[in-house]
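Residue numbers (my numbering), protein chains in the order written: chain A, 2 to 128; chain B, 33 to 286.
Hints are not guaranteed to be accurate.
As the list claims (entries may be wrong) - Straight-line alpha carbon distances no greater than 25 Å define the calculated DSS-like cross-link-like pairs of lysine-lysine that follow: (1) Lys93/A with Lys97/B; (2) Lys91/A with Lys266/B; (3) Lys91/A with Lys229/B; (4) Lys233/B with Lys91/A; (5) Lys161/B with Lys93/A; (6) Lys141/B with Lys91/A; (7) Lys93/A with Lys266/B; (8) Lys74/A with Lys159/B; (9) Lys97/A with Lys279/B; (10) Lys93/A with Lys229/B; (11) Lys97/A with Lys161/B; (12) Lys146/B with Lys97/A; (13) Lys91/A with Lys161/B; (14) Lys219/B with Lys91/A; (15) Lys74/A with Lys141/B; (16) Lys97/A with Lys160/B; (17) Lys229/B with Lys219/B; (18) Lys141/B with Lys97/A; (19) Lys239/B with Lys279/B; (20) Lys233/B with Lys93/A; (21) Lys219/B with Lys93/A; (22) Lys141/B with Lys93/A; (23) Lys146/B with Lys93/A.
Said to hold, decoys possible - Some chain A residues well away from chain B (every beta-carbon gap over 10 Å; in silico): (24) Arg4; (25) Phe5; (26) Leu25; (27) Phe30; (28) Ile38; (29) Ile42; (30) Phe44; (31) Tyr45; (32) Thr54; (33) Ile65; (34) Thr69; (35) Lys91; (36) Val92.
What the hints assert, rightly or not - Label pairs and their calculated CB-CB ranges: (37) Ile65/A with Ala164/B: 52 to 58 Å; (38) Glu208/B with Ile85/A: 27 to 33 Å; (39) Lys161/B with Ser56/A: 48 to 54 Å.
Keep in mind the hints are simulated off the structure, nothing from the lab.
Since the model is a prediction, treat every value here as computed from it, not as a measurement.
We put the beta carbon where it would ideally sit given N, CA and C, even for glycine.
Each chain is listed here by its residues.
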Amino acid sequence: MRRFLIILGFITSILAVILSVSPLSNIAFIPAVLALICGFIAFYLSRQKQYPTKSIQLILLLTIISLTITTYKAVFNVAEVGNIESLELKVKESEKEAIEELEGLDLDDMEIDTEDEPNFSEIDSLP
Amino acid sequence: MKHFLLFAYAIVCTSTFAQNTSIGSNENLTFSASYNMSGLLTEIAQVTMETSEVNTSNTTLLRLKCTAATYSSFDNYFKIRDLYESYVSRTTLLPFLHKRDINEGSYYKFMQYKFNHKTRTVESTLKKKNTAENKTLKIGANTRDIVSTIYHIRNLDIHKASPGDIQNFTFLFDEEELIISVKYLKKETINTNLGKKECYKLAISLKNDDALKGTNENLLWLTADGNKIPVYAKFKIAVGTGELKIKSASGLKN
Numbered sequence: 002m003r004r005f006l007i008i009l010g011f012i013t014s015i016l017a018v019i020l021s022v023s024p025l026s027n028i029a030f031i032p033a034v035l036a037l038i039c040g041f042i043a044f045y046l047s048r049q050k051q052y053p054t055k056s057i058q059l060i061l062l063l064t065i066i067s068l069t070i071t072t073y074k075a076v077f078n079v080a081e082v083g084n085i086e087s088l089e090l091k092v093k094e095s096e097k098e099a100i101e102e103l104e105g106l107d108l109d110d111m112e113i114d115t116e117d118e119p120n121f122s123e124i125d126s127l128p
Numbered sequence: 033m034k035h036f037l038l039f040a041y042a043i044v045c046t047s048t049f050a051q052n053t054s055i056g057s058n059e060n061l062t063f064s065a066s067y068n069m070s071g072l073l074t075e076i077a078q079v080t081m082e083t084s085e086v087n088t089s090n091t092t093l094l095r096l097k098c099t100a101a102t103y104s105s106f107d108n109y110f111k112i113r114d115l116y117e118s119y120v121s122r123t124t125l126l127p128f129l130h131k132r133d134i135n136e137g138s139y140y141k142f143m144q145y146k147f148n149h150k151t152r153t154v155e156s157t158l159k160k161k162n163t164a165e166n167k168t169l170k171i172g173a174n175t176r177d178i179v180s181t182i183y184h185i186r187n188l189d190i191h192k193a194s195p196g197d198i199q200n201f202t203f204l205f206d207e208e209e210l211i212i213s214v215k216y217l218k219k220e221t222i223n224t225n226l227g228k229k230e231c232y233k234l235a236i237s238l239k240n241d242d243a244l245k246g247t248n249e250n251l252l253w254l255t256a257d258g259n260k261i262p263v264y265a266k267f268k269i270a271v272g273t274g275e276l277k278i279k280s281a282s283g284l285k286n
């Protein structure tokens, strides 16, 4: 049981550290909390049976690092759009091209051939 | 009797094309798209929906433009710069030209549809990094593109609907006609960045595609006023849920 908890604690704490440095840092809270729970239970069992606790301390250290990074990012990082100059340029070019395309279309009479689309009020309610 | 029939026909003709009562010609809506896993929200991208007028030599059209751009923290991992456009009639919101320019990571795709509602055909152009393809597609009488369908849904007379009412719309996506089903659930008041708003709660599902999963789990909240602004949307994906929340709105019609 103690060994299983230590292995699980290591996996989840390492996952928490990896997630905390990625843009999906908020999700790191889930493995970090799991690692904390595993770490504390393993620590309690180790103290009962007088086993060494070095590996458990490492789990807790990794978890604290990941929680610190995640909390810092959650509080101080502001979501900002990056460089969208190329997109803005594309928007302008696209409009120019679209006008050329539209000039070639016969826009007259196009609106008269569609069938009547029922509105919400004309549709039967579901049973 | 003849006069009555003529009068009835005139009423039917005028009601056939729902007039644009909700979409302004200089509207700008900004949203934040986020991923929600067990209540932990991660903001991923900014989505904008803009309208503007476009003049050609013989008419003025409404340009409906939607863009999606990932936030800078995601740009190094998976950069998205998408542009969806539709050039529609100002009064009926019927599309004439639709363009879709997708730039996601190393993936690129360009799609263009030129609608001819008279012959019920669409001239389709597909461009990828190394390929280009032109096709002529047959479409149904009420087939639109995805952008004009979204704006068309906003223009519906939802105030006349009763909870449980459903309406289907056909739209062309990836050269295939898909049917989107919109079900009016109820009125609900929610907190948004624009303040507390009374909204129409709609459930959205795709009939012949499994991109949207679950029943009544893909939801859209439109403000229950003349503008019917989409203030909040929630959609189920493989792991967790995606959310779209309004950040700002300007240039509204009403």
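Quiz item: Taking C-beta pairs only, is Ile65/A more than 10 Å away from all of chain B?
Solution: The claim stands: Ile65/A keeps its Cβ more than 10 Å from every Cβ of chain B (closest is about 19 Å).
Exercise. Decide, holds or violated, for the assertion that all CB atoms of chain B are farther than 10 Å from the CB of Phe5/A.
Key: holds, 24 Å
Quiz item: Taking only the CA atoms, is the gap from Lys233/B to Lys91/A under or equal to 25 Å?
Solution: violated, 35 Å
Quiz item: Is the Cβ of Lys91/A farther than 10 Å from every Cβ of chain B?
Solution: It is violated; Lys91/A is separated from chain B by about 6 Å at its closest Cβ, not greater than 10 Å.
Quiz item: When you check the alpha-carbon spacing of Lys219/B and Lys91/A, does it fall within 25 Å?
Solution: Measuring from Cα to Cα gives roughly 39 Å; hence the hint is violated.
Quiz item: Has the hinted range 52 to 58 Å been met by the Cβ atoms of Ile65/A and Ala164/B?
Solution: With Cβ atoms ~55 Å apart, the hint holds.
Quiz prompt | Beyond 10 Å from each Cβ of chain B, as asserted for Thr69/A | solution = Since the minimum Cβ distance to chain B is about 17 Å, Thr69/A lies beyond 10 Å and the statement holds.
Quiz prompt | Lys141/B paired with Lys97/A [C-alpha distance capped at 25 Å] | solution = With a Cα-Cα distance of about 19 Å, the restraint between Lys141/B and Lys97/A holds, given a limit of 25 Å.
Quiz item: Taking only the CA atoms, is the gap from Lys141/B to Lys93/A under or equal to 25 Å?
Solution: Cα-Cα ~18 Å, so holds.
Exercise. May I ask you to check that Thr54/A keeps its beta-carbon over 10 Å from the closest beta-carbon of chain B?
Key: Check passes; 30 Å lies beyond 10 Å.
Self-check item: 25 Å Cα cutoff - pair Lys97/A, Lys160/B
Solution: holds, 21 Å
Self-check item: Beyond 10 Å from every chain B Cβ - status for Leu25/A
Solution: About 5 Å separates Leu25/A from the closest Cβ of chain B, which leaves it inside 10 Å; violated.
Hints 2, 3, 4, 7, 8, 9, 10, 14, 15, 19, 20, 21, 26, 27, 35, 36 from the earlier list are contradicted by this structure; the remaining hints agree with it.
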